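> The chain contents come next:
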Amino acid sequence: GAVVSQHPSWVICKSGTSVKIECRSLDFQATTMFWYRQFPKQSLMLMATSNEGSKATYEQGVEKDKFLINHASLTLSTLTVTSAHPEDSSFYICSALAGDGDTQYFGPGTRLTVL
Amino acid sequence: GNSVTQMEGPVTLSEEAFLTINCTYTATGYPSLFWYVQYPGEGLQLLLKATKADDKGSNKGFEATYRKETTSFHLEKGSVQVSDSAVYFCALSGSAGNMLTFGGGTRLMVKP
Chain A
1 GAVVSQHPSW VICKSGTSVK IECRSLDFQA TTMFWYRQFP KQSLMLMATS NEGSKATYEQ
61 GVEKDKFLIN HASLTLSTLT VTSAHPEDSS FYICSALAGD GDTQYFGPGT RLTVL
Chain B
1 GNSVTQMEGP VTLSEEAFLT INCTYTATGY PSLFWYVQYP GEGLQLLLKA TKADDKGSNK
61 GFEATYRKET TSFHLEKGSV QVSDSAVYFC ALSGSAGNML TFGGGTRLMV KP
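Those protein sequence lines, which keep their order, are chains A and B. FYI, my numbering numbers position 39 of the first sequence as 39, with every residue one higher than the one before it. FYI, my numbering numbers position 108 of the second sequence as 108, with every residue one higher than the one before it.
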């Protein structure tokens, strides 16, 4: 149980285009999901908290207009990187908060490369 | 604010050696503590957790005990395998919104 999927697992796009990443909780409902960014050999940096049916809460320094988050259902959150640039290239990981309200289960990550 | 400090890696061990990865934390209140493992190119997998003082989390031969008096949650395994090679993250949950605070990660390399 407690499986979280992400799609796509990797994506290459041209500078200026937008990319959407999906995060799904497959066998449980999650009112809260989180989006992280991870640079090589570094820890995870929380970007935003996604709450079903309401606006996401962004961490300081994260541009909300660039990283659009939509949590349309209890099993799906999406992150759209708008007008992507090479500096947005990174490993993006989502997590979903389990029913115990305490444990996060993580997706396998999406590697984004912007040319 | 909350913080987690892990021993820096990489930690290199021979197969069947004993493993300890130190983790200490600073937090207000009574956080839950977690160990996550990340294999190359993958997301994080929950390894074990403990929710209150003196709890011991265990999974796949790994153990960690929630020590409030020393604010520690050290990860141990009696006999590591090559397949345990990965990056291990210590984390705590207790902030508003159940956000996780991560340590910097410790890379473990196990040689045959």
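Treat the hints as calculated values from the structure; they're not laboratory data. Predicted model, so just to flag it, every value in this text is computed and none were measured. Don't take each hint at face value.
[Unchecked claim] The following label-pair restraints were derived from C-beta to C-beta distances:
#1 Lys-41(A) <-> Lys-68(B): 27 to 35 Å
#2 Ala-2(A) <-> Gly-41(B): 15 to 23 Å
#3 Val-3(A) <-> Ser-58(B): 19 to 27 Å
#4 Asp-102(A) <-> Lys-60(B): 32 to 40 Å
#5 Met-109(B) <-> Ser-73(A): 36 to 44 Å
#6 Ser-83(A) <-> Ser-79(B): 29 to 37 Å
#7 Ser-18(A) <-> Gly-78(B): 48 to 56 Å
#8 Thr-20(B) <-> Asp-65(A): 27 to 35 Å
#9 Arg-107(B) <-> Lys-66(A): 27 to 35 Å
#10 Ser-5(A) <-> Glu-16(B): 46 to 54 Å
#11 Ser-14(B) <-> Ser-73(A): 30 to 38 Å
#12 Tyr-39(B) <-> Pro-8(A): 16 to 24 Å
Backbone N, C-alpha and C fix where the C-beta goes; we use that ideal spot for every residue, glycine too.
> For every hint, state whether the structure bears it out.
Do the hints match the structure? See the list:
1. Lys-41(A) <-> Lys-68(B): 27 to 35 Å: 31 Å, holds
2. Ala-2(A) <-> Gly-41(B): 15 to 23 Å: 21 Å Cβ-Cβ, so the 15 to 23 Å window holds.
3. Val-3(A) <-> Ser-58(B): 19 to 27 Å: Given range 19 to 27 Å: holds, Cβ gap about 22 Å.
4. Asp-102(A) <-> Lys-60(B): 32 to 40 Å: Distance hint for Asp-102(A), Lys-60(B) is violated at roughly 21 Å.
5. Met-109(B) <-> Ser-73(A): 36 to 44 Å: For Met-109(B) and Ser-73(A) the Cβ distance comes to about 41 Å; the hint holds.
6. Ser-83(A) <-> Ser-79(B): 29 to 37 Å: This hint is violated: roughly 51 Å between Cβ atoms.
7. Ser-18(A) <-> Gly-78(B): 48 to 56 Å: Since the Cβ atoms of Ser-18(A) and Gly-78(B) sit about 49 Å apart, the hinted range of 48 to 56 Å holds.
8. Thr-20(B) <-> Asp-65(A): 27 to 35 Å: Taking Cβ atoms as reference, Thr-20(B) and Asp-65(A) lie about 45 Å apart, which means the hint is violated.
9. Arg-107(B) <-> Lys-66(A): 27 to 35 Å: This hint holds: roughly 31 Å between Cβ atoms.
10. Ser-5(A) <-> Glu-16(B): 46 to 54 Å: Distance hint for Ser-5(A), Glu-16(B) is violated at roughly 35 Å.
11. Ser-14(B) <-> Ser-73(A): 30 to 38 Å: 48 Å, violated
12. Tyr-39(B) <-> Pro-8(A): 16 to 24 Å: The hinted range 16 to 24 Å holds for Tyr-39(B) and Pro-8(A), with Cβ atoms some 19 Å apart.
Violation of the numbered hints given earlier is confined to hints 4, 6, 8, 10, 11; the remaining hints are satisfied by the structure.
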